[in-house]
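Visitor: Input sequences plus hints: build the corresponding full structure.
Number of protein chains: 2
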Amino acid sequence: MLSEFELIAKYFTRPARTAALGVGDDCALLRPPAGLVLALTIDTLSENTHFLPGADPRRLGHKSLAVNLSDLAAMGADPRWFLLAIALPDVDEAWLEAFAAGLFALAEAHAIELIGGDTTRGPRTITITAIGTLPPGYALRRDAAQAGDDVWLSGATGSAALGLAHLKGKIALTAEAAARCIARLEQPAPRVALGQRLRGVAAAAIDVSDGLLAGGDDYELVFTAAADRRAAVEAAGRAANVAVTRIGRILAGAPEVRLLDRAGKPLRVEPLGFDHFR
Amino acid sequence: MLSEFELIAKYFTRPARTAALGVGDDCALLRPPAGLVLALTIDTLSENTHFLPGADPRRLGHKSLAVNLSDLAAMGADPRWFLLAIALPDVDEAWLEAFAAGLFALAEAHAIELIGGDTTRGPRTITITAIGTLPPGYALRRDAAQAGDDVWLSGATGSAALGLAHLKGKIALTAEAAARCIARLEQPAPRVALGQRLRGVAAAAIDVSDGLLAGGDDYELVFTAAADRRAAVEAAGRAANVAVTRIGRILAGAPEVRLLDRAGKPLRVEPLGFDHFR
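One line per chain: the protein sequences are A and B, in this order. Positions 1 to 278 (this note's numbering) are the ones given, in order, by the first sequence. Positions 1 to 278 (this note's numbering) are the ones given, in order, by the second sequence.
Treat the hints as calculated values from the structure; they're not laboratory data. Cβ atoms here follow ideal geometry from the backbone N, Cα and C, with glycine treated the same way. Relax, there's no trap hidden among the hints.
Restraint ranges, calculated between C-beta atoms of paired labels, are given here:
1. A/Leu251 <-> B/Leu52: 48 to 54 Å
2. A/Ala9 <-> B/Leu52: 26 to 32 Å
3. B/Lys265 <-> A/Ala34: 51 to 57 Å
4. A/Ala254 <-> B/Leu52: 45 to 51 Å
5. A/Asp92 <-> B/Ala165: 26 to 32 Å
Capping the alpha-carbon separation at 20 Å, the derived lysine to any residue pairs in SDA-like fashion look like this:
6. B/Lys168 <-> B/Asn48
7. B/Lys170 <-> B/Ala55
8. A/Lys10 <-> A/Gly24
9. A/Lys170 <-> A/Gly54
10. A/Lys10 <-> A/Ala101
11. A/Lys265 <-> A/Asp150
12. A/Lys170 <-> A/Gly216
13. A/Lys168 <-> A/Ala55
14. B/Lys10 <-> A/Asp275
15. A/Lys10 <-> B/His276
16. B/Lys10 <-> A/His276
17. A/Lys10 <-> B/Asp275
Only part of the chain A face toward chain B is listed, based on derived beta-carbon distances under 7 Å:
18. Leu29
19. Arg31
20. Thr41
21. Asp118
22. Thr125
23. Thr129
24. Asp275
Guide: Here's what the structure looks like:
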């Protein structure tokens with residue numbers, strides 16, 4: 001069986017590209033680009049909580065990084081570097097090879113470099129810290145929404161929750177719909193290009209991985225922009241090849257969500273968002 | 001029961017000090033200090049692998065950060081910021097309060113700031129990414145040892161392994177020795193001050209958390225320095241209030257460890273270091 005150090009060398013080591021020192025020492029070393037702000041995020045995927053036992057390892061490698069890239073996208077940041085902490089119950093080389101293939105395919109697509117990590121034995125858990133860069137003053141912070149801003153949604157939400165319900169046997173989708181919804185659940189496409197193009201256009205942004213109004217695991221962006229930026233938002237969506245839909249408006253006053261039907265009549269809103277402890 | 005968001009607000013949110021944006025958004029934002037190199041590390045502690053069920057939560061909070069500070073120390077870096085990913089099987093407020101107290105006490109002692117995190121349900125697992133800074137060219141890289149360098153050890157190793165053996169009932173220490181060894185196991189003191197003072201003095205350094213020759217979980221530094229820097233190494237140890245002991249010498253030739261007894265006779269060396277999968 002591979003040792004821990006052979007495992008790291010075989011599956012998780014790439015030559016350092018932009019890092020001054022990559023995988024293999026106590027720390028990685030970076031020279032941060034002058035004049036830019038760093039955006040940092042950390043996210044964990046745990047077996048049973050975030051993925052089912054037996055989940056496809058290639059898709060899991062993809063998703064482990066995708067959820068972090070989605071956070072960078074929600075700040076409008078350019079992906080740069082990541083660190084990977086992985087706990088595994090055993091060394092399964094076929095699993096590792098597929099996991100690494102999915103992880104690095106997405107990493108290469110977004111030019112984000114693995115610079116360090118930690119490999120331990122334990123219940124299957126993947127934690128990634130991703131780091132991006134931004135010009136100062138351009139981050140899409142969630143506290144930047146203004147009364148009167150439009151509220152926009154990228155792509156569409158709900159497919160991931162349908163895919164999960166199908167996998168759990170709660171609903172039965174057609175084969176075509178099941179494949180599409182399960183791919184949305186297991187291989188989400190982080191909206192990095194859209195986030196980048198919304199810098200200087202949108203005001204506030206968040207990702208809706210915890211659910212927009214119900215369900216969850218959709219790695220779409222909800223963002224606000226001033227009403228006079230509608231053409232610019234639509235141009236950003238076209239340039240990033242992502243649909244953008246105006247779904248509401250920020251009102252002045254105490255925080256409250258009002259959901260209206262097509263006729264403008266209020267709909268009852270259930271408690272919002274996924275909560276791990278509720 | 002606390003919700004996930006109440007839990008984060010109550011136990012893991014502090015006002016941002018040096019960060020441009022701290023806990024609570026999709027990413028944290030930092031303006032990296034001009035002209036410095038960043039050192040980054042990630043480490044996981046998993047229940048059953050790294051700590052026993054029922055481990056004291058205050059000590060676990062301390063240790064979760066200490067293992068990362070030890071990696072920064074091994075590069076000679078100044079601690080700056082950290083991100084915390086924590087998976088918990090349930091919300092136990094007494095546990096959380098004690099864990100946070102241990103974590104933040106050590107964070108404050110080293111002026112390292114929590115800037116972001118992730119809280120999920122799952123087997124008890126703590127992953128921290130710590131970030132430090134260094135002047136360019138001063139990192140204590142493990143590839144920097146030169147033939148002829150002295151090899152040095154900070155503090156002493158072995159106590160943590162004794163503490164663990166005692167806890168597991170494999171040996172019986174006196175009450176006084178047990179308390180001392182268990183404290184070394186559960187509340188290691190990362191050698192941050194020594195690492196900082198070894199910048200420009202030592203050549204290569206690593207921490208020996210995976211064991212120096214046997215045992216493990218000692219957060220001491222092994223480092224090399226040119227033979228003409230002995231007085232400077234001893235001064236660094238005194239300034240950091242840590243014993244430093246010259247334990248060997250780097251030889252030219254193929255990598256190999258030769259362990260000699262007091263009389264200079266070779267001792268048999270067992271396979272070195274802890275491996276999670278062996």
